[in-house]
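Asker: Each chain, written out:
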Amino acid sequence: MATIVVLIVFALFLGAILTGGYNKQMLARFRSHWLWDWITTVDHKKIGILYLIGGTIFFVIGGIEALLMRTQLFYPNNDFMVGRTFNELLSMHGTTMIFFVAMPLLFALMNAVIPLQIGARDVAFPFLNALGFWLFLCGGLLMNLSWIFGNAPDSGWTNYVPIALNEYSAGTGIDYYVLGLQISGIGTLIGGLNFIVTIINMRTPGMSFLRMPLFTWTSFVSSALILFGFPPLTAGLFLVMFDRLFGANFFDVAAGGNPVIWQHLFWIFGHPEVYIVILPAFGIMSEVISTFAKKRLFGYTSMVFATLLIGFLGFMVWVHHMFTVGMGPVANSIFAIATMAIAVPTGIKVFNWLFTLWGGKIRFTTAMLYAVGFIPTFVLGGVTGVMLASPPGDYQYHDSYFVVAHFHYVLIGGTVFGILAGVYYWWPKMFGYLLNEKLGKLNFWLFFIGFHMTFFIQHFLGLFGMPRRVFTYQPEDQVELINQISTVGAFLQAVAVVVLVINVIYSYRNRVPAGNDPWDGRTLEWTITSPPPVYNFAQLPKVRALDAFWHEKMNGKKELEPAEPVGPIHMPNNTHLPFLMSLAFFVSGLGFVFRSNEVGALGLIFVFLVMFMRSFEQDHGYHIETDEIEKTEKGASV
Amino acid sequence: MSRGKRLALLLSTFAIFALMLTGCQEPAKSVFDPKGTAGEMNLDLIMTAIYIMTFVCAVVMIIFVYVLIRYRQKPGDNSIPKQVEGSMKLEMLWIIIPIILLAILAVPTLSTTFSLAETPNEKDALKVKVTAHQYWWEFEYPELGIKTAQELHIPVGKKVHFELTSDDVVHSFWVPELGGKQDLTPGQTNTMWLDAKEPGVYAGRCAELCGASHALMNFEVVAQEQEKFDQWVAKRQKPSSEPQTAEQEAGKKVFSQNCMSCHAIDGTKLKTKGDKAPNLTGISERNKIAGLLENNDKNMEKWLKHPDQIKPGTYMPSFDFLNKKDMNNLKAYLESLE
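One line per chain: the protein sequences are A and B, in this order. Sequential numbering of the first sequence, starting at 1, is according to UniProt numbering. Sequential numbering of the second sequence, starting at 1, is according to UniProt numbering.
Hints were generated in silico from the structure; no laboratory data involved. Be aware that one or more of the hints could be misleading.
[Said to hold, decoys possible] Straight-line alpha carbon distances no greater than 30 Å define the calculated DSSO-like cross-link-like pairs of lysine-lysine that follow:
#1 A:Lys441 with B:Lys82
#2 B:Lys82 with A:Lys542
#3 A:Lys438 with B:Lys74
#4 B:Lys325 with A:Lys558
#5 B:Lys147 with B:Lys74
#6 B:Lys305 with B:Lys324
#7 B:Lys228 with B:Lys127
#8 B:Lys288 with B:Lys271
#9 B:Lys298 with B:Lys238
#10 B:Lys273 with B:Lys288
#11 B:Lys288 with A:Lys361
#12 B:Lys271 with B:Lys197
#13 B:Lys228 with B:Lys253
#14 B:Lys89 with B:Lys302
#15 B:Lys324 with A:Lys361
#16 B:Lys288 with B:Lys305
#17 B:Lys253 with B:Lys302
#18 B:Lys271 with A:Lys441
#19 B:Lys228 with B:Lys273
#20 A:Lys553 with B:Lys288
#21 B:Lys298 with B:Lys325
#22 B:Lys228 with A:Lys553
#23 B:Lys127 with A:Lys557
#24 A:Lys361 with A:Lys631
#25 A:Lys558 with B:Lys298
#26 B:Lys82 with A:Lys361
#27 B:Lys89 with B:Lys123
#28 B:Lys288 with A:Lys557
[Stated by the list, open to error] Just so you have them, the derived chain B footprint on chain A, three or more residues with Cβ under 8 Å:
#29 269-282
#30 296-305
#31 460-468
Positions of the beta carbon are idealized from the N, C-alpha and C atoms, including for glycine.
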């Protein structure tokens, strides 16, 4: 195996070096190819689309895993997928959905929208932006390769030790988990940093912090959570990696290790992670609800401070995942109270949304349906969250289907509904045409009903004594019917996703041009063409109020006043280095997975080599000249 | 679809859910029907939380439904609604009320958390050491000198003080009808107490993913009146493990050749007492084989021949190589253990 990997690595790098400049003809051929344009792009709009495609592919994979599990649970003592295979399915489903679906899809929307919302021409670090995407993709691919080579991770998305150690999980399964997450984690961290700097530094004149749209705000806080939340995971993953690959004993009890350390590290990351994926969804909901109620967001300032408070408290509550570990009543009580406290800022948000709708003129587009469907769904997920915060109750709920129901209400009812609302809402801005509303509504209703059918009754499964992550149950447990309803619901959701795919294809074939502002929008992204030109804004707009575009519309103007004269625009050059660096990481990861430390080290050496190339590269970007801008703008207005 | 139709659809969906649930069979083990003090304390808190949360949901739903019906854009109405910035009074209202509601929940939460963590008085409590293994449970009564597996016997009305640890990976001990769960972590001993208020057999589960057969790591808690429990204890302390017939004698030989290094049987002479697998003393009196299959001759043979097909990933090897005679003798011996 090692030989094959070595050969592949050599072939890849030889190819990469060749295209790097030794052979000019080859280079020209490559460069004119459309694929090359996508591989080397540093344009945030294109990277957003790449994230969208990547996330969707993994969504389908993760969804299929879920359907296989629900099929196995249709009958008691079914033998369709049992034992380790089922554990692999549940581990890969959870890991995929969190790391390779929820986060990249949110990054897709953040990339597509945030620079437009703050009136910027690109993100602060276009190179890092591209690198973040390619690292995510490489990490995700690496982990899913485990299905092909056999031995997928089988210790749950939480990867608790000791079952994740060599002794109890033989083979390479967990190595894929550790290295795949490590690589994509670097990408996420880079992405988070990029958005923090972008939002702080790149705002157009007049766009003060308290005039930023709420999606920008929540993404900002979410990025800060990434910055502080991911390092503990990185550290934990390194410990597991060293235990598994190099015979360290961090978690081996016999050698003085302590498995509970992993649980702490994982949940110190894991709980903020929940808010990392829910906060941007809150932001999307705020935008959509405000637009389609034709009202300013009720209590904007309190929304912002609630977001900050949730982000802060998100780091204070990780032990509520560990109430049954045995840390004693004092620790449990402190974290119980801290957890309950989060309900207050979350409640503020829910009521602010309700009162944004109050007195508005509500239009039920598909995006709005998802936003409106989100409110009761998320409230249900939220109240079960408060129930889980109480340790004596949690002793019963913990690790049962009640928890499964709870976090699916939050993650699907919150994050996925949010992403879908955002996709329907910003699709015309990203692609220039609208998604079909009829198919969209069908998609919503199927998904909404299927979702509640699958997960509402799972609360009861848990209270009737069914632990989570079990591949079967006994006939005498009397939970067969509930499981069957749940499975039918899961397939209904799958049908809804198929409708969504049909909708995308149908809408592409029968394109309805969206125009600049299809929804009577309120924020900056709706002032420019759909899709926007490479440089986004020919002249940076001058922001005078919250909901800047709406403010101008109410004052009888059609567009924002520019904050600068028309002039040449400085843009970054495309570069293939992020792709190359991610590839090197990928090879390195694969090398370590196959326990070939030479290949692993070789990959890392190439990573540093590419870093070196990047550091000493003299690339000052290029300028788009004034007459070209004027030509583009004229073409757009015709 | 009009709004009314949509709403009707939504409501009917929930109605169907409710109907389906009430039409369900009575669940075998329900948190809502506790049989022990700890379970009752858990349930009290669960119900408090459910009442408060139902109130919250109701308030949200009433506003939600009202808003959706009342403030829909009417066709042809293109007026701009009043742009409201917010309202200090309203916002204070939904900060203060949740804090009060949470305080109502927090007080009993704290007191119950501390009462459940108390160590029961040694005189009134029965001590049981639980050690979890992939994928079986070991129960030791240190004061009574008994070691058993898969089936935990406890006296009704007496607090049982558990000391929980694991021999390999993290497991979690859960008897839904008696109380909440507690993790069993290698290298660490946790404690908890439970009791049963009425006699019965209560299903137990492993609740923390522990490997391939996590779903099958079941056990049973048999709660008996003190008198019956004492009888059981006496029998376990003086088990009848000596072979009575020639067949059983031969079976014991097969046992000592194949099983002894992992399994122990008390009350008879064997060279070693294995501790890697469940103690089999009195196995004929247990309700289940491997905590899973009904205890009968057919299942015993099935388990001995292909344990891996019943519990994937089990450490027990297959004994399908035993000839028919040996197998029958072995079964005869095991089934004679009382």
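Asker: Evaluate each hint against the coordinates.
Answerer: Status of the hints after comparison with the structure:
1. A:Lys441 with B:Lys82: holds (28 Å)
2. B:Lys82 with A:Lys542: holds (25 Å)
3. A:Lys438 with B:Lys74: holds (19 Å)
4. B:Lys325 with A:Lys558: Distance of about 95 Å is beyond 30 Å: violated.
5. B:Lys147 with B:Lys74: With a Cα-Cα distance of about 75 Å, the restraint between Lys147 of chain B and Lys74 of chain B is violated, given a limit of 30 Å.
6. B:Lys305 with B:Lys324: holds (11 Å)
7. B:Lys228 with B:Lys127: Answer holds: Lys228 of chain B to Lys127 of chain B is near 18 Å, not above 30 Å.
8. B:Lys288 with B:Lys271: Holds, at about 27 Å.
9. B:Lys298 with B:Lys238: Holds. Lys298 of chain B to Lys238 of chain B sits at ~28 Å (cutoff 30 Å).
10. B:Lys273 with B:Lys288: holds (22 Å)
11. B:Lys288 with A:Lys361: With a Cα-Cα distance of about 64 Å, the restraint between Lys288 of chain B and Lys361 of chain A is violated, given a limit of 30 Å.
12. B:Lys271 with B:Lys197: Judged against 30 Å, a Cα distance of about 42 Å means the pair is violated.
13. B:Lys228 with B:Lys253: Not satisfied, since the Cα-Cα distance of roughly 33 Å exceeds 30 Å.
14. B:Lys89 with B:Lys302: violated (71 Å)
15. B:Lys324 with A:Lys361: The hint is violated at about 81 Å.
16. B:Lys288 with B:Lys305: holds (17 Å)
17. B:Lys253 with B:Lys302: Holds. Lys253 of chain B to Lys302 of chain B sits at ~20 Å (cutoff 30 Å).
18. B:Lys271 with A:Lys441: violated (74 Å)
19. B:Lys228 with B:Lys273: Holds: Lys228 of chain B and Lys273 of chain B sit about 28 Å apart, inside 30 Å.
20. A:Lys553 with B:Lys288: violated (75 Å)
21. B:Lys298 with B:Lys325: This hinted pair holds, its Cα atoms lying about 15 Å apart.
22. B:Lys228 with A:Lys553: violated (84 Å)
23. B:Lys127 with A:Lys557: Distance of about 80 Å is beyond 30 Å: violated.
24. A:Lys361 with A:Lys631: This hinted pair is violated, its Cα atoms lying about 39 Å apart.
25. A:Lys558 with B:Lys298: violated (83 Å)
26. B:Lys82 with A:Lys361: holds (10 Å)
27. B:Lys89 with B:Lys123: violated (58 Å)
28. B:Lys288 with A:Lys557: violated (80 Å)
29. 269-282: violated (count 0)
30. 296-305: holds (count 6)
31. 460-468: Since 6 is at least three, the answer is holds.
Going down the numbered hints, you'll see the structure goes against 4, 5, 11, 12, 13, 14, 15, 18, 20, 22, 23, 24, 25, 27, 28, 29, while the others check out.
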